[in-house]
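Kindly generate the complete structure, drawing on both the sequences and the hints.
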Amino acid sequence: MGGSTRRVEDCSDATSNDGQCSSMAYYNKSNSWKRTSLSRNVSRNAENDDEEKKAGFHGGNGSDHYNAQYGIIICEKTSVGEVHKVGIPESKSTVHQFNAKVKETLFPDDPFRQFKGQPWGRKLWLGMQYFFPILEWAPQYSLGLFKSDVISGITIASLAIPQGISYAKLASLPPIVGLYSSFVPPLIYSVLGSSRDLAVGPVSIASLLLGAILREEVSPSNDPILYLQLGFTATFFAGVFQASLGVLRLGFVIDFLSRATLVGFMAGAAVIVSLQQFKSLLGITHFTSKMDMFSVMDSVFKNPHEWTWQTALMGVFFLLLLLMARYISQKKTKLFWISAAAPLTSVIVATAFSFITRSGNHGISIIGHLKKGLNPPSSNMLYFHGPYLALALKAGLVSGLIALTEGIAVGRTFASIKDYQVDGNKEMMAIGFMNMAGSCTSCYVTSGSFSRSAVNFNAGCKTAVSNIVMAITVMVTLLLLTPLFYHTPVVVLSSIIVAAVLGLIDFRAAYFIWKVDKMDFLACMGAFMGVIFISVQTGLLIAVGISVIKILLHVTRPHIVLLGNIPGTALYRNMEQYKEALRVSGFLILSIESPIYFANSTYLRERILRWVQDEEERTEKEKENTLQYVILDITAVTSIDTTGINSLLEVKKTLVKRGLEVALVNPGAGVMDKLQRASMIESFGNNVFYLTVGEAVSSLSSLFKREACFTV
Numbered sequence: 001m002g003g004s005t006r007r008v009e010d011c012s013d014a015t016s017n018d019g020q021c022s023s024m025a026y027y028n029k030s031n032s033w034k035r036t037s038l039s040r041n042v043s044r045n046a047e048n049d050d051e052e053k054k055a056g057f058h059g060g061n062g063s064d065h066y067n068a069q070y071g072i073i074i075c076e077k078t079s080v081g082e083v084h085k086v087g088i089p090e091s092k093s094t095v096h097q098f099n100a101k102v103k104e105t106l107f108p109d110d111p112f113r114q115f116k117g118q119p120w121g122r123k124l125w126l127g128m129q130y131f132f133p134i135l136e137w138a139p140q141y142s143l144g145l146f147k148s149d150v151i152s153g154i155t156i157a158s159l160a161i162p163q164g165i166s167y168a169k170l171a172s173l174p175p176i177v178g179l180y181s182s183f184v185p186p187l188i189y190s191v192l193g194s195s196r197d198l199a200v201g202p203v204s205i206a207s208l209l210l211g212a213i214l215r216e217e218v219s220p221s222n223d224p225i226l227y228l229q230l231g232f233t234a235t236f237f238a239g240v241f242q243a244s245l246g247v248l249r250l251g252f253v254i255d256f257l258s259r260a261t262l263v264g265f266m267a268g269a270a271v272i273v274s275l276q277q278f279k280s281l282l283g284i285t286h287f288t289s290k291m292d293m294f295s296v297m298d299s300v301f302k303n304p305h306e307w308t309w310q311t312a313l314m315g316v317f318f319l320l321l322l323l324m325a326r327y328i329s330q331k332k333t334k335l336f337w338i339s340a341a342a343p344l345t346s347v348i349v350a351t352a353f354s355f356i357t358r359s360g361n362h363g364i365s366i367i368g369h370l371k372k373g374l375n376p377p378s379s380n381m382l383y384f385h386g387p388y389l390a391l392a393l394k395a396g397l398v399s400g401l402i403a404l405t406e407g408i409a410v411g412r413t414f415a416s417i418k419d420y421q422v423d424g425n426k427e428m429m430a431i432g433f434m435n436m437a438g439s440c441t442s443c444y445v446t447s448g449s450f451s452r453s454a455v456n457f458n459a460g461c462k463t464a465v466s467n468i469v470m471a472i473t474v475m476v477t478l479l480l481l482t483p484l485f486y487h488t489p490v491v492v493l494s495s496i497i498v499a500a501v502l503g504l505i506d507f508r509a510a511y512f513i514w515k516v517d518k519m520d521f522l523a524c525m526g527a528f529m530g531v532i533f534i535s536v537q538t539g540l541l542i543a544v545g546i547s548v549i550k551i552l553l554h555v556t557r558p559h560i561v562l563l564g565n566i567p568g569t570a571l572y573r574n575m576e577q578y579k580e581a582l583r584v585s586g587f588l589i590l591s592i593e594s595p596i597y598f599a600n601s602t603y604l605r606e607r608i609l610r611w612v613q614d615e616e617e618r619t620e621k622e623k624e625n626t627l628q629y630v631i632l633d634i635t636a637v638t639s640i641d642t643t644g645i646n647s648l649l650e651v652k653k654t655l656v657k658r659g660l661e662v663a664l665v666n667p668g669a670g671v672m673d674k675l676q677r678a679s680m681i682e683s684f685g686n687n688v689f690y691l692t693v694g695e696a697v698s699s700l701s702s703l704f705k706r707e708a709c710f711t712v
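Heads up: the sequence shown begins at 1 in the UniProt record's numbering, then just goes up one per residue.
Simulated from the structure, these hints should not be mistaken for laboratory data. Keep in mind that a hint or two might mislead.
Stated by the list, open to error - Quick list of in silico lysine-lysine cross-link-like pairs, DSSO-like style, CA-CA up to 27 Å:
1) K621 with K103
2) K331 with K123
3) K101 with K657
4) K418 with K147
5) K103 with K123
6) K674 with K621
As the list claims (entries may be wrong) - Ranges of calculated distance between the beta carbons of each label pair, as one might list FRET restraints:
7) Q421 with E620: 57 to 63 Å
8) K334 with W137: 26 to 32 Å
9) T94 with K147: 54 to 60 Å
10) S219 with T556: 43 to 49 Å
11) V316 with T638: 53 to 59 Å
12) W120 with K331: 42 to 48 Å
We put the beta carbon where it would ideally sit given N, CA and C, even for glycine.
Below, the structure is given as structure tokens:
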């Protein structure tokens, strides 16, 4: 209120056990009135209306009258109405509660629902379908579906072959390993996976992480056999980690990487991967193994004498060709096949040009010999003892986590477009088992690729058979066509990598994050900066760390809001959100919007007491009615532990010592059950629990013969 307005009220004798003052009025120097009243469904005495108007009184919503000349509020007696009791849930055994908690945590989708009431034969078949999703759709498979899947499979194979070779190079592995990894894993996923659109194979970021971590201690050029062993072993550990999350139904672990941090991490990794390709794009021989931007750029400009213009010209040409193909496909989705065919076309054209011109003799590096034949077994190469075991474990966990996160995210993206569900736990098991099997068949870490999955989707795939067709196409390549890649320039593989990873920089997502949530954008930029200025591993740690810190902040610093009354209703809402909401004179109404337990109980206690202190200072400054009641709306408190119970009890005792009454509104079943088990209901007092804020305000006002006048 401004300085020209004073509050005039005379409610000292306006209430009794069955009545309360339910309005307020302001009188200013111009004799104009500003008033608001809360309807309590009170009937008026019509016979007295005319007499009151003659005397200068005017009614307001049937709840009070005031004299405009003298500024006196005359409150009618209003009925408090029935006060509902807060229910106390039936006590349940510890075993029952434990089982319910396990089911809620590990089985939120209730996968066993379909087994209820089924005969044993049917249960066995349903169980087989759960672990082998191919059995769900295979019986209904038709020739029409097969035609669509064949087209999709051949299309993604044309992309998978050059990408497989390129990504193996990114991981510092032999190029043939990239082809091996595009053969066995897709076959396994087609049987175990639940996504119809996910195209499986090597992926850029997991390849980058695997190579970056292994190169910290082992040189792929000086000790290629050991490096290859560690690559297969890391893949095995990645598979064990991924499958374990699915079997134990611990998929929520990957949720620690928020969307914002993933956007930043992927963009940073894309920048670093692109910069790393300067080695091949410029033909540089001596290049750093570090992954930060400063080290990479230092290597680029420290050795300008090693640059070859022939290599640079070829690299720029094919990079522009690939980017143009992607641009055309993005503008016209019906031409998706252009971007899908561009990498293989680039490889064919570059290989033919290299063969004709003998470019290998002119400073342009070529792939060289690729071993002909299918994947050789590699179980005997797994490295389970020795000084580098921890290195393989680290590489497997880090690359496996990113590969799993990317694969599930891609699968869910296309499933939402086609309106079907992807089971996250099945995906974890499928990706995990295919990597475990891959490690024994000369493959490295694989997952669902966004670029290949997008091509698969646009090509009209219907089922996971498209992965089988792709694998068969790669098999034919391994058996018959690998000698044709001998003259393929390495620079064209770098062009393919750069064109692919640039698509990971999502400017729209970053802008959306900035527009909606600045804290999320800070997490996004933290992950991005960590990757490009320190290292990819550090960037990943920063991404996870920021996500965990955000969770801890939400957990340990829960939101408490001040509630006010919506005029003319019995509703109480956040005063920051609803500007028309009014304070209730003599009341402080707070809503706690979080579980209460040991991690935040101290903060909640201190924050509530600070609210009380601030309110007392405000009422004293504005010469309003002194604070009498503190109402805590704990509707949103889904759970509470013993520390939280003691904290609430301490708050009540502290406020009572200050002459304040405390009420708790709408505690949930879990909270009431804990209070009952702790024998704390009597400690709080049966009269402090109310079902709604409105009932608490009405009852307390009537019970203690206080008037409830609302102030702005």
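* K101 paired with K657 [C-alpha distance capped at 27 Å] -> Roughly 39 Å between the alpha carbons, so the hint for K101 and K657 is violated.
* **Pairwise beta carbon distance, S219 to T556, judged against the given window 43 to 49 Å** => 45 Å Cβ-Cβ, so the 43 to 49 Å window holds.
* Asked: Taken at face value, is the distance from the CA of K147 to the CA of K418 at most 27 Å?
  -> holds, 19 Å
* Regarding the pair K621 and K103, is the alpha-carbon distance no greater than 27 Å? -> Judged against 27 Å, a Cα distance of about 53 Å means the pair is violated.
* Holds or violated: K331 to K123, with C-alpha atoms at most 27 Å apart -> Status violated; Cα separation ~49 Å.
* Do the alpha carbons of K674 and K621 lie within 27 Å of each other, as the hint requires? -> Judged against 27 Å, a Cα distance of about 40 Å means the pair is violated.
* Asked: Can the suggested window of 53 to 59 Å be confirmed for the beta-carbon pair V316 and T638?
  -> Once the Cβ atoms are compared, 58 Å apart, the range 53 to 59 Å for T638 and V316 holds.
* State, for the Cβ atoms of T94 and K147, whether the hinted interval 54 to 60 Å holds or is violated. => holds, 58 Å
* **Status of the given 26 to 32 Å range, CB of W137 versus CB of K334** => Taking Cβ atoms as reference, K334 and W137 lie about 27 Å apart, which means the hint holds.
* Between Q421 and E620, does the beta-carbon spacing fit 57 to 63 Å? -> At 58 Å between Cβs, range holds.
* Going straight from one Cα to the other, do K103 and K123 come out at no more than 27 Å? -> holds, 20 Å
* How does the Cβ-Cβ distance of W120 and K331 compare with 42 to 48 Å: does it lie in that range? -> violated, 56 Å
Violation of the numbered hints given earlier is confined to hints 1, 2, 3, 6, 12; the remaining hints are satisfied by the structure.
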